[in-house]
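Chains A and B are the protein sequences, given in the same order. Just so you know, we're using the working numbering here: the first sequence kicks off at 1 and counts up by one. Just so you know, we're using the working numbering here: the second sequence kicks off at 1 and counts up by one.
No lab work stands behind these hints, which were simulated from the structure alone. Only a predicted model underlies this, so the values are computations on that prediction, with no experimental measurement involved. Mixed in with the good hints there might be a few duds.
As the list claims (entries may be wrong) - Chain A stretches covered by chain B per the calculated footprint, using a threshold of three residues with CB under 8 Å from any CB of chain B:
(1) 4-18
(2) 56-63
Unchecked claim - The following label-pair restraints were derived from C-beta to C-beta distances:
(3) ARG103(B) with THR124(A): 58 to 68 Å
(4) LEU170(A) with ALA55(B): 26 to 36 Å
(5) LEU162(A) with ALA158(B): 21 to 31 Å
(6) VAL28(A) with ARG103(B): 57 to 67 Å
(7) LEU119(A) with GLY129(B): 24 to 34 Å
(8) ALA158(B) with LEU112(A): 31 to 41 Å
Unchecked claim - In silico negatives: residues of chain A with every beta carbon more than 12 Å from chain B:
(9) MET1
(10) PHE39
(11) ILE51
(12) VAL76
(13) LEU94
(14) ALA133
(15) GLY160
(16) ILE190
(17) ILE198
(18) VAL205
(19) ILE207
(20) ALA216
(21) ALA217
Using N, Cα and C, we set each Cβ at its ideal position, and we do this for glycine too.
As a plain string of letters, each chain reads:
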Amino acid sequence: MTRAFLALVLRDLRLAARVGGSGAMGLVFFLMLVAVVPFALGPDLNLLARIGPALLWFSAVLATLIGLDRLFQTDVEDGAIDLILSSDTPLEVLVAAKGVAHWLTTGLPLALCAPLFGLLLALTPGAMLSVAATLVVGTPALTFIGAVGAALTASLGRGGLLLAILVMPLMVPTLIFGVSAASAATAGTIAFLTPFLILAALSLVAIVIGTFAAAAALRQSA
Amino acid sequence: MRISVEGLACRRGERLLFRDLSFALASGEALVVTGRNGAGKSSLIAMLAGRLTPAAGEIRAEGIGEATLAEVANHVGHKEGLKASLTAEENLAFAGAMLGRPRLSPREALARVGLARAADLPAGYLSAGQRRRVALARLFVSRRPLWLLDEPTSALDAASQARLAEVMQGHLAEGGLIIAATHAPLGLEGTKTLSIDAHVPGVDMSGGAEGERA
Numbered sequence: 001m002t003r004a005f006l007a008l009v010l011r012d013l014r015l016a017a018r019v020g021g022s023g024a025m026g027l028v029f030f031l032m033l034v035a036v037v038p039f040a041l042g043p044d045l046n047l048l049a050r051i052g053p054a055l056l057w058f059s060a061v062l063a064t065l066i067g068l069d070r071l072f073q074t075d076v077e078d079g080a081i082d083l084i085l086s087s088d089t090p091l092e093v094l095v096a097a098k099g100v101a102h103w104l105t106t107g108l109p110l111a112l113c114a115p116l117f118g119l120l121l122a123l124t125p126g127a128m129l130s131v132a133a134t135l136v137v138g139t140p141a142l143t144f145i146g147a148v149g150a151a152l153t154a155s156l157g158r159g160g161l162l163l164a165i166l167v168m169p170l171m172v173p174t175l176i177f178g179v180s181a182a183s184a185a186t187a188g189t190i191a192f193l194t195p196f197l198i199l200a201a202l203s204l205v206a207i208v209i210g211t212f213a214a215a216a217a218l219r220q221s222a
Numbered sequence: 001m002r003i004s005v006e007g008l009a010c011r012r013g014e015r016l017l018f019r020d021l022s023f024a025l026a027s028g029e030a031l032v033v034t035g036r037n038g039a040g041k042s043s044l045i046a047m048l049a050g051r052l053t054p055a056a057g058e059i060r061a062e063g064i065g066e067a068t069l070a071e072v073a074n075h076v077g078h079k080e081g082l083k084a085s086l087t088a089e090e091n092l093a094f095a096g097a098m099l100g101r102p103r104l105s106p107r108e109a110l111a112r113v114g115l116a117r118a119a120d121l122p123a124g125y126l127s128a129g130q131r132r133r134v135a136l137a138r139l140f141v142s143r144r145p146l147w148l149l150d151e152p153t154s155a156l157d158a159a160s161q162a163r164l165a166e167v168m169q170g171h172l173a174e175g176g177l178i179i180a181a182t183h184a185p186l187g188l189e190g191t192k193t194l195s196i197d198a199h200v201p202g203v204d205m206s207g208g209a210e211g212e213r214a
């Protein structure tokens, strides 16, 4: 079981890193969003610093969505899904592996680069740290909520739009608590820890429910 | 192990592809499924692999314990399931990890299909026939007893077809089972044949021939 899990994670990491892989796509999209906002809003550093954590989180949600439709679709198209479905390892374990690999190539890089991109939005060092911390804890929720939508739309040719409509509302709670924890450092009206712990809980719940729901959806749709 | 299929029917959308299809297969036996294009050969293979639900009838398997038929089947279908950017060896190693019950290493399996030198090439660089052979090499990385083959000889040259017949004969001798959907003769001896055409509703029954050949 461990062998199949690791093999699938390793394969997806390799695919993301090779030519034609989608490894850097989410990150580049994230950078583009964050880099364009100061041009749109003008050079008001106070305003940017105030809305910066929200912007980074909002960009992270969109950047997660952008590659998500291909999560299971590529395997359905080339037939690799047959191998995954015929494995004697439970499908839930393998779906979790896909989710982990997706998070390692999308969510984690976003969180690690967020402090750097925070420079563009005139964030204080404290705010940069809290944005990075909330993204590390919150992006697994985005990935695993999205995995359910990706599994449902796996066999549709252009499932991207439908996927976004399906999962975007489900990502809203994560966004709300992520932003409120991240902006605690700048706004100072609420404690950091309360929304942060709820965010952590949301991620844990999403990992469990998302894994089982995505596996069930994949059995039907693939 | 033993597989018995009774009264199987397949419906895709509104269309009934075939019905009342029955056969039984035991260890060491092979079944060749024939039929015109669109008769439902691939659908039958997909049903046996657990990828489609029968509209009617039953698929029973004995002697595999708790496992489902899909978990003891090594299915090589139309889609090769190869990732273009991974090497042939990496593709096979992944297949081996998914299928479990390890047998030969990916390199040894590639050598069996005559592709030892292509092990480090990305699958995207391979020709159709070579990709097919990499997919067939999957049969050697795992010790699964039931081989489900959908048009296994397509895109293969004569030498590769002969080699395939040889390894299939070897698998049967080891007590394995083979169910293959094909137009071309596989060059196997003592196989059962099943013509799906005879079970297609609304088709002249005299055209299809069903029976066993010794």
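The hints, checked one at a time:
1. 4-18: holds (count 8)
2. 56-63: Violated, because only 0 residues of the stretch 56-63 of chain A bring their Cβ atoms closer than 8 Å to Cβ atoms of chain B.
3. ARG103(B) with THR124(A): 58 to 68 Å: 59 Å, holds
4. LEU170(A) with ALA55(B): 26 to 36 Å: With Cβ atoms ~35 Å apart, the hint holds.
5. LEU162(A) with ALA158(B): 21 to 31 Å: 47 Å Cβ-Cβ, so the 21 to 31 Å window is violated.
6. VAL28(A) with ARG103(B): 57 to 67 Å: At 43 Å between Cβs, range violated.
7. LEU119(A) with GLY129(B): 24 to 34 Å: 54 Å, violated
8. ALA158(B) with LEU112(A): 31 to 41 Å: 55 Å, violated
9. MET1: About 9 Å separates MET1(A) from the closest Cβ of chain B, which leaves it inside 12 Å; violated.
10. PHE39: 36 Å, holds
11. ILE51: 39 Å, holds
12. VAL76: 9 Å, violated
13. LEU94: At roughly 8 Å from the nearest Cβ of chain B, LEU94(A) sits no farther out than 12 Å, so the non-interface label is violated.
14. ALA133: Correct as stated: the minimum Cβ-Cβ distance to chain B is 34 Å, above 12 Å.
15. GLY160: GLY160(A) is indeed farther than 12 Å from all Cβ atoms of chain B, at 21 Å.
16. ILE190: 46 Å, holds
17. ILE198: 37 Å, holds
18. VAL205: 28 Å, holds
19. ILE207: 22 Å, holds
20. ALA216: Holds, since 15 Å exceeds 12 Å.
21. ALA217: 15 Å, holds
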